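One line per chain: the protein sequences are L and P, in this order. Under UniProt numbering, the first residue of the first sequence is numbered 1, with each subsequent residue one higher. Under UniProt numbering, the first residue of the second sequence is numbered 1, with each subsequent residue one higher.
Honestly, the hints are just simulated from the structure, not real lab data. Computed from a predicted model, the values in this text were never measured in an experiment. The reader is advised that the hints may include incorrect statements.
Copies of the same chain look alike in the list, so a pair counts if it works inside one copy or between any two.
[Unchecked claim] In silico EDC-like cross-links for lysine to aspartate or glutamate, where the CA-CA straight-line distance does not exceed 20 Å:
| hint | residue 1 | residue 2 |
| --- | --- | --- |
| 1 | Lys99 | Asp372 |
| 2 | Lys149 | Glu174 |
| 3 | Lys278 | Glu174 |
| 4 | Lys360 | Glu262 |
| 5 | Lys444 | Glu262 |
| 6 | Lys37 | Glu447 |
| 7 | Lys401 | Asp66 |
| 8 | Lys70 | Asp131 |
| 9 | Lys460 | Asp291 |
| 10 | Lys99 | Glu265 |
| 11 | Lys37 | Glu265 |
| 12 | Lys115 | Asp66 |
| 13 | Lys240 | Glu265 |
| 14 | Lys298 | Glu158 |
There are 2 protein chains.
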Amino acid sequence: MSAVVSLNQEKEKEVGVIGAGLVGCLTALALQKKGYKVILFELRQDPRLKSTKEKNLRSINLAISDRGIKALKYVDENLAKKVLDKVIPMRGRMIHDSKGNQESQLYGLYGESIKSIDRGYLNQELLNEIDIINKSGVGYPIEVLFGKKLINLSFLGEEENPTVTIVDQSSHQEQIFEFDFIVSADGAFSATRHYLQRYVRMTFKQEFIDTCYIELSIPAGPGNSFLIDPNHLHIWPRDKFMLIALPNQNGSFTSTFFSSWELAESLNTDTKILNFFKEHFEDGLKLIGEDNLISSFKNNPKGSLVQIHCNPYNYKGKAILIGDAAHGMVPFYGQGMNCGFESLRILLEMLEKNNFNTEKAFNQYSKERHQDLEVILKLALDNYNEMSHDVTSIVYLMRKKIDSFLGRLLRGKWLPLYTMISFRGDIPYSEAISIEKRQQNIIKKLEAAIFVGTIYAAVKISKYFASKFVK
Amino acid sequence: MSAVVSLNQEKEKEVGVIGAGLVGCLTALALQKKGYKVILFELRQDPRLKSTKEKNLRSINLAISDRGIKALKYVDENLAKKVLDKVIPMRGRMIHDSKGNQESQLYGLYGESIKSIDRGYLNQELLNEIDIINKSGVGYPIEVLFGKKLINLSFLGEEENPTVTIVDQSSHQEQIFEFDFIVSADGAFSATRHYLQRYVRMTFKQEFIDTCYIELSIPAGPGNSFLIDPNHLHIWPRDKFMLIALPNQNGSFTSTFFSSWELAESLNTDTKILNFFKEHFEDGLKLIGEDNLISSFKNNPKGSLVQIHCNPYNYKGKAILIGDAAHGMVPFYGQGMNCGFESLRILLEMLEKNNFNTEKAFNQYSKERHQDLEVILKLALDNYNEMSHDVTSIVYLMRKKIDSFLGRLLRGKWLPLYTMISFRGDIPYSEAISIEKRQQNIIKKLEAAIFVGTIYAAVKISKYFASKFVK
Numbered sequence: 001m002s003a004v005v006s007l008n009q010e011k012e013k014e015v016g017v018i019g020a021g022l023v024g025c026l027t028a029l030a031l032q033k034k035g036y037k038v039i040l041f042e043l044r045q046d047p048r049l050k051s052t053k054e055k056n057l058r059s060i061n062l063a064i065s066d067r068g069i070k071a072l073k074y075v076d077e078n079l080a081k082k083v084l085d086k087v088i089p090m091r092g093r094m095i096h097d098s099k100g101n102q103e104s105q106l107y108g109l110y111g112e113s114i115k116s117i118d119r120g121y122l123n124q125e126l127l128n129e130i131d132i133i134n135k136s137g138v139g140y141p142i143e144v145l146f147g148k149k150l151i152n153l154s155f156l157g158e159e160e161n162p163t164v165t166i167v168d169q170s171s172h173q174e175q176i177f178e179f180d181f182i183v184s185a186d187g188a189f190s191a192t193r194h195y196l197q198r199y200v201r202m203t204f205k206q207e208f209i210d211t212c213y214i215e216l217s218i219p220a221g222p223g224n225s226f227l228i229d230p231n232h233l234h235i236w237p238r239d240k241f242m243l244i245a246l247p248n249q250n251g252s253f254t255s256t257f258f259s260s261w262e263l264a265e266s267l268n269t270d271t272k273i274l275n276f277f278k279e280h281f282e283d284g285l286k287l288i289g290e291d292n293l294i295s296s297f298k299n300n301p302k303g304s305l306v307q308i309h310c311n312p313y314n315y316k317g318k319a320i321l322i323g324d325a326a327h328g329m330v331p332f333y334g335q336g337m338n339c340g341f342e343s344l345r346i347l348l349e350m351l352e353k354n355n356f357n358t359e360k361a362f363n364q365y366s367k368e369r370h371q372d373l374e375v376i377l378k379l380a381l382d383n384y385n386e387m388s389h390d391v392t393s394i395v396y397l398m399r400k401k402i403d404s405f406l407g408r409l410l411r412g413k414w415l416p417l418y419t420m421i422s423f424r425g426d427i428p429y430s431e432a433i434s435i436e437k438r439q440q441n442i443i444k445k446l447e448a449a450i451f452v453g454t455i456y457a458a459v460k461i462s463k464y465f466a467s468k469f470v471k
Numbered sequence: 001m002s003a004v005v006s007l008n009q010e011k012e013k014e015v016g017v018i019g020a021g022l023v024g025c026l027t028a029l030a031l032q033k034k035g036y037k038v039i040l041f042e043l044r045q046d047p048r049l050k051s052t053k054e055k056n057l058r059s060i061n062l063a064i065s066d067r068g069i070k071a072l073k074y075v076d077e078n079l080a081k082k083v084l085d086k087v088i089p090m091r092g093r094m095i096h097d098s099k100g101n102q103e104s105q106l107y108g109l110y111g112e113s114i115k116s117i118d119r120g121y122l123n124q125e126l127l128n129e130i131d132i133i134n135k136s137g138v139g140y141p142i143e144v145l146f147g148k149k150l151i152n153l154s155f156l157g158e159e160e161n162p163t164v165t166i167v168d169q170s171s172h173q174e175q176i177f178e179f180d181f182i183v184s185a186d187g188a189f190s191a192t193r194h195y196l197q198r199y200v201r202m203t204f205k206q207e208f209i210d211t212c213y214i215e216l217s218i219p220a221g222p223g224n225s226f227l228i229d230p231n232h233l234h235i236w237p238r239d240k241f242m243l244i245a246l247p248n249q250n251g252s253f254t255s256t257f258f259s260s261w262e263l264a265e266s267l268n269t270d271t272k273i274l275n276f277f278k279e280h281f282e283d284g285l286k287l288i289g290e291d292n293l294i295s296s297f298k299n300n301p302k303g304s305l306v307q308i309h310c311n312p313y314n315y316k317g318k319a320i321l322i323g324d325a326a327h328g329m330v331p332f333y334g335q336g337m338n339c340g341f342e343s344l345r346i347l348l349e350m351l352e353k354n355n356f357n358t359e360k361a362f363n364q365y366s367k368e369r370h371q372d373l374e375v376i377l378k379l380a381l382d383n384y385n386e387m388s389h390d391v392t393s394i395v396y397l398m399r400k401k402i403d404s405f406l407g408r409l410l411r412g413k414w415l416p417l418y419t420m421i422s423f424r425g426d427i428p429y430s431e432a433i434s435i436e437k438r439q440q441n442i443i444k445k446l447e448a449a450i451f452v453g454t455i456y457a458a459v460k461i462s463k464y465f466a467s468k469f470v471k
């Protein structure tokens, strides 16, 4: 499973991959290694060209964890190593309260970590890997076409091969490509999905949550030192809004402010922004710096957060949606990319199991993957409350402690949910949530037993004392 | 409100209307009469051209009722008259049981009718009306551009005026148009909606129901006579599937078969089709004819049915979705077009009330219209059960009779739901459903009272008889 050798019996097959983001690039690499001829289309210009370097609108640092790493390794062990060389491990959350106190809450039972990485950097590494593969002369080269907008998708003739119409963003010339099949990783606002819906009776839902994010930054200290612990994901939870910060290799932190749109839009003058941060994030403000805060807050775009649900994800063996195009999610469980990469790994495994019969594999994927995707979408949404509020609640912390205690006591037989999602890529999301439900029931029973036991003991004790002293 | 005079203070404003279907054409006409300069774009070729006459894939005959007529009259009294000249009134459902018996169930309390009309015919009439307006020289002519595909929509600059990129389907040349605002009526698979979602945090859901439809037809009898009663909507309800038929002016009926996809796809040979119809629709089969049935069943496309939910419908005062693009619905309440026309009327009224300030009007529309649209979407879906199953249930028929009885008894104070939806365009959908809930509670209490009263009487009577005869 880990060493990828070409098992593909039908080497001449041509595949279009739509979208050269993280999942699209990895898909192109994976399919090339399976022996397919791949053309990779991207709407934007090459992000590595200085002339076209655009403001990356999606630069929340990513936390790569077990599912993402597993998929990278599945595609290429060396690629995984290269990527992991450039990450910063985060072993827990660092909670900053309003008085400036910090408290560490570890993610794993044994010091496991999720790994902070810059999205743009990872994307460029994946594109570089394509160049390396192409230069190696092994297999068909991957053709990467930037600045190409998909404006139509149809499935024509007896074969129903996907026919993709592309417009060059500079010349405005149309080009038409026919493939054996396409894999679309063109993001939450997927154009492919739009056209696919003319062929597939696809249940589809997109839901925006009333949360806006604004990207901020904490500069590095003297000599590229970290001003706060680099091995934590820092959170300033304030219930209805929060600030977070993830470390970068150069000593800086990428920070993000989350709040309701109403609140974010009401902070529209320098004074309002400053006063708000002074009141709620005094230590955060010192780290960010006043001028830096004001300029970022006013100039950086306000981002929206959307959840995407589809079912099914494919049209026969001819087209399939993957990544955010199929299951875009809010970032609060740090699973967006990890889940997208995992989806690719699972899809590839199904292709292998079905002897590269795409119709069987794609149908199986739609059928079996759906429940896992629905679970992680729900977890991602629910985790906003956990991050912004629950982490400060006594009941939450007590439960978490019992959970960790049992996790260590019953090593391997009791798995905290976070451990299963982030550090146990071998457990499907849907199975993780079933195990968690069972465990939570046990904890609740334990709590009830402790409650009853305590009351019983209290009654006994007071009776004893009563009998002793009151007569 | 009925006579349309231009109240528009800003006569130079240019509007793009996307989609020249029923709602799009009526929108173009309405806005022209308000003094706007309108360009109307349509993906397909002019349906009136013989050379391009395509198979109309959506030829379920429509039932126009009060809300649709009200909107037509609002735009143009004469146009409404022209349209109503060509309809066939249907005063009730004619239920065909499996033995060939027919039973009429009237729609209204006083012989009100919904009106059968061919979708294609109505569309052409609306296009002809545009030609008439253009020739009249009154106001700005409406420019109608056929064969134009929308491939981008953006809102650029300070003004954020909508910029629409169009590709000509023959020459493949791109053209760019800037408008003051656009109204999009480009159907359930709206391309505009796709691009709009990059600007609007739009909650969006599309749900396919597991029902497939196949268009059939019942030819006219000798001398263009009707073979069954022309003033009914004929239904052959068979629980999990059904056949319906709506009259045409030439003596024929447009008939539609609805079933699960599995069933429809299993009827894949001449024999299977024939045997199925012989078993379940014996009288229907005689009307359609065996050869006609087989050729229609095999050659006509299998249609899918989708429900579209959005919220909000607009981007500031710059773009708004209307009709199926905003609220596509299954055809079972006969409200799709009626609701789309009503949406237009309400939007126009809000424009007038807000002195043609589109931002205020569009925001108000999104806010106030949403609850009504959600109600009719739910009613449309629920009505499949009513048409295919409930109409044969004794409890349903009893309740319906009580409902009609009270409706006639308490004239105007008690309104059956169907009456409110189809014949009382002055009652918003959401209000109709509130009234219905109140009335149904009363009916349930009545039933309970009758039940208790009956038991009480039975006990009294049996006690009386017991005391008389048993001692």
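The hints, checked one at a time:
1. In the homo-oligomer, the alpha carbons of Lys99 and Asp372 never lie at most 20 Å apart, since the shortest distance is 40 Å inside one protomer and 49 Å across protomers.
2. In this assembly of identical chains, Lys149 and Glu174 lie within 20 Å of each other by CA distance both inside one copy and across copies; the values are 9 Å within and 13 Å between.
3. Within a single copy, Lys278 and Glu174 get their C-alpha atoms no closer than 53 Å, and across copies no closer than 52 Å, so neither meets the 20 Å cut-off.
4. Taking the shortest alpha-carbon separations for Lys360 and Glu262, only the inter-copy value of 19 Å comes in at or below 20 Å, while the best intra-copy value is 47 Å.
5. In the homo-oligomer, the alpha carbons of Lys444 and Glu262 never lie at most 20 Å apart, since the shortest distance is 38 Å inside one protomer and 45 Å across protomers.
6. In this homomeric assembly, Lys37 and Glu447 never come within 20 Å of each other (Cα to Cα): the closest approach is 58 Å inside a single copy and 71 Å across copies.
7. Proximity of Lys401 to Asp66 under the C-alpha cut-off of 20 Å is found in neither arrangement, the shortest distances being 23 Å within a copy and 64 Å between copies.
8. Proximity of Lys70 to Asp131 under the C-alpha cut-off of 20 Å is found in neither arrangement, the shortest distances being 23 Å within a copy and 64 Å between copies.
9. Taking the closest pair of Cα atoms, Lys460 and Asp291 never come within 20 Å of each other, the shortest separation being 64 Å inside a single copy and 89 Å across copies.
10. Taking the shortest alpha-carbon separations for Lys99 and Glu265, neither the intra-copy value of 26 Å nor the inter-copy value of 67 Å comes in at or below 20 Å.
11. In this assembly of identical chains, the alpha carbons of Lys37 and Glu265 never lie at most 20 Å apart, being 48 Å within a copy and 35 Å across copies at closest.
12. Proximity of Lys115 and Asp66 under a CA criterion of 20 Å is satisfied intra-copy only: 10 Å inside one chain copy versus 62 Å between copies.
13. Taking identical chains as interchangeable, the C-alpha atoms of Lys240 and Glu265 lie at most 20 Å apart only when both belong to the same chain, with a minimum of 14 Å there against 52 Å between chains.
14. Proximity of Lys298 to Glu158 under the C-alpha cut-off of 20 Å is restricted to the inter-copy arrangement: shortest distance 17 Å between copies versus 55 Å within a copy.
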